[in-house]
Amino acid sequence: MPVITYRDALNQALREEMARDQDVFLMGEEVGVYQGAYKVSRGLLEEFGPNRIVDTPITELGFAGVGVGAAMVGLRPVIEFMTWNFALLAIDQVINSAAKMRYMSGGQVGVPIVFRGPAGAALQLAAQHSQCFEAMYAHIPGLKVVMPATPADAKGLLKSAIRDDDPIVFMEGEMLYNVKGEVPEGEHLVPIGKAEVKRAGEHVTLLCYSKTVAQCLKAAELLETEGVSAEVVDLRTIRPLDLEAILTSVSKTHRAVMAEEGWNFAGAGAQVVDEIQRNIFDELDAPVLRVTGADVPMPYNKHLEKAAKVSPEKIVAAAKRVLYLD
Amino acid sequence: MATTKSARKTDTRTAEKYRAYLRQMLLIRHFEEKAGEAYSLGKIGGFCHLYIGQEAVAVGCLSQLRPTDAITTTYREHGHALARGIPARAVMAELFGKATGTSKGKGGSMHIFDASLGFLGGHGIVGGHIPLSTGMGFAFKYRHTDQVAVCFFGEAAINNGAFHEALNMAGIWKLPCIFICENNRYGMGTALDRATATWNIAERASAYDMSREVVDGQDLAEVMAAMERAVVRARRPSAPTLLEVRTYRFVGHSMSDPIHGHYRTKEEVEAHRKRDPIVLWAEKLKAEGLLDDTAMEKLEAEVKAEVQDAYDFADQSPDPEPEELWRDVYAPVGEGR
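For the protein sequence lines, the chains are U and G, in the order given.
Start counting the first sequence at 2; every next residue gets the next number (the working numbering).
Start counting the second sequence at 679; every next residue gets the next number (the working numbering).
Extracted from the complex, chain G is given alone in its bound form:
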């Protein structure tokens, strides 16, 4: 009797967690749709790369981490930032370039940071942050902690020297690093098979004596399970992993790129949209009796309100003070060891 009761309790907790993941994915989706809208209204400037279609990757991977772990990612990072728990208000305000943004409006869409959450940047040079995460893994091993360094990058980054150099060192030194290649098939407009001689990206890990897995990035449960295994390998004794997570970008490379452009067909995009990670997860929860239409509608309404609140907050926030131009170039005088 006691066992059944505790099992039921666990189920409730699991169900709550599963619905929270659904909520996170919905938040990212609506946030990105709103960001696209704000961009076309001129409220967001520069480059703006949306994460629509890839939500299960960020949510699934980050669900397996502890608050003390460190994350770096690319310029397509609004989703990772939200999944890590950075408030939507602060992320949207950064996109708007406002003083209330994560980087006080000085980073923008491509450079979201929250050091308190170990979220160490959106980085703008393809592949350039892979050595940074490797260095974080190096530091964790140096200090004998069981922290993990996680790095998200696109499949186009694997032909960059930084990828090879960093993964080689992670392999030699057995660093607690998880390299997550979000294979969305296109580096901007160049298809994987036009850019990469061997099609199986995960197999690259064999060159670095590293564990590897190919994961269906539209299936949240699969992403979580693969990431859980990678985290176990990384924590202790430390060993790196390369995860190739196959996913798809439902929208253009950036706001200046139409949804399918010249490099992929409308039919291809439509076919992939049928495997929407949010729909797949919601259906799974419904099939298991963990979600009904009323609960789904309630979640949608909540998330929409949160995104609208973030938008209003960003819109009404002040620009940075003019003096902010000169701050944060160097450390304040008198600091150091």
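Next up, chain U with everything else stripped away, as it sits in the complex:
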């Protein structure tokens, strides 16, 4: 199987879906002539032309709404936000238009659209460019929230998202674009709403998505050296949650740590923990712990930034606490 980057896997998904369906188009800032701020759309302008690879002004609210309107009359827009930080300017269109249209029209008008772009912190980009908003979007009925961690999942989930009839918030990891992995060629679809066990284990479940998946896999390696077998479950989709996969794993290990990059308060992991305690309270041998980003705006200084971020060491420490090993 070819080994390619997460970035190129996304590019492949876009290319294949645009070739498959004339109604699919890509719109956003710098997606065409510039070849994408993060080069996800490299080569697409040359292949599909300016009618389908559409450069916009810096006008997030406007082009998000243009995408929703185009979807309401049958097109399948992929709207790229240069980063999800900038998508805050467009949130009225994502929440009040895209997420609500089917319901308030009594099922007459759906919005098959993908909003995509990088989310989370990179390196030393400070407070306005280092944020995780998945909990905010996952809060909204009508939206689906997808966050792939690997190149194969990035391709398979983006293809599924484009074919889906509902509005999808598709969050890529800014620090994942250069990550390499095996990616199936051609038709490779990963279903939305399905988690995956990325590593099997017995003593504790590490729940994660996007960037924290690699951190949990690293943590599992560290735990193994101390004789602890950790299972790593990649949620892949935040909404709808794959409850079955989560509960199956935790029922087996009886202990769990939820790792997420975003802030602690009302984070996506809080919902996961709530589901666990409500559904399988009697299976638990310890409280479920969460490892999250620090509840502060992201600082610029690299030592402070490191202190604010999730790390494999922090996940290991939490795992030991739920195992009563520390």
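Don't read these hints as lab results, they were simulated from the structure.
Note that beta-carbon positions come from the ideal geometry of N, C-alpha and C, so glycine has one too.
Treat the hints with care, as some may be off.
What the hints assert, rightly or not - Reference listing, derived: stretches of chain G covered by chain U, where coverage requires no fewer than 3 residues with Cβ under 8 Å from a Cβ of chain U:
1. 769-782
2. 788-802
3. 843-849
4. 917-926
As the list claims (entries may be wrong) - Here are some chain U residues pointing at chain G (derived, C-beta under 7 Å):
5. Arg103
6. Asp167
7. Val198
Said to hold, decoys possible - Here are a few chain G residues that sit away from chain U, every Cβ distance over 10 Å (derived from the structure):
8. Gly806
9. Gly813
10. Met814
11. Phe818
12. Arg821
13. Asn837
14. Gly839
15. Ala869
16. Thr874
17. Arg890
18. Asp935
19. Asp954
20. Glu1013
Guided by the hints, dock chain G onto chain U, whose structure is given.
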């Protein structure tokens, strides 16, 4: 001889059309009066914004469209819905929140939709639907059709970022969009000159390299003529237009707002009521010999009966089933491409 005969035939058809427009305006007026009544009886809940005084705008603009064109509008949209041909029964039932309403009772007064007529919503966030119509225009150009995307909004929406962002893109890409600003002078209770630095709204179009016109919204003939020109520009090759249609709301902003409130005087409202679009149009038809008192009375009676029928239908219709709460949040499983 043949020419005269055909001209006479055309005149008859035109006369019929003109009377049909009068009927549409009367229908909106009586529908809205009835909706106001139903609101005070507690049969309609939430917010309810009436269109009384602005009837010529919806009727005049929508008279120039084809069934395949797409329309979005604001939360003051009962008039547009009726002018587009959505049955009064379905609109009234939606206001009543009933299962027989356009959105099965889940949208209400502010969210009337009929996808089969390209009526893509009453929208509740000021200015938020302007980019949506722009996207519809984008889709029509993308598919090389000659459909037109029409967007109605109030003058208060022009100070919203969505207006600027959307019209700029429509200008850059020369989209088949018609932006209709219904300038009724007040955004809720804030007068235009307290909210907008430049008084001439149509002039905003110059920032977007867009055609523009200022139209007397109380004069149906003027509205139709301006809209006809805008539609020609939009159809092919496509070019957008901003129409500033000057009109006046004869009633309060919503049912909770008295007719003139603290922000305008009774005298001002009375002065504007003298230019009632329905009266002006009826007088014009009478002057041209296309309407007499008997025909007018007959129309009024017909329209009143239609509105009463819509009211009774809505009143007697069932509420949505409890399971309806959970439907239409997401697409049915198994759909998609």
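When the hints from earlier in the document are held up against this structure, which numbers fail? 4, 7, 8, 9, 10, 11, 12, 14 and 20
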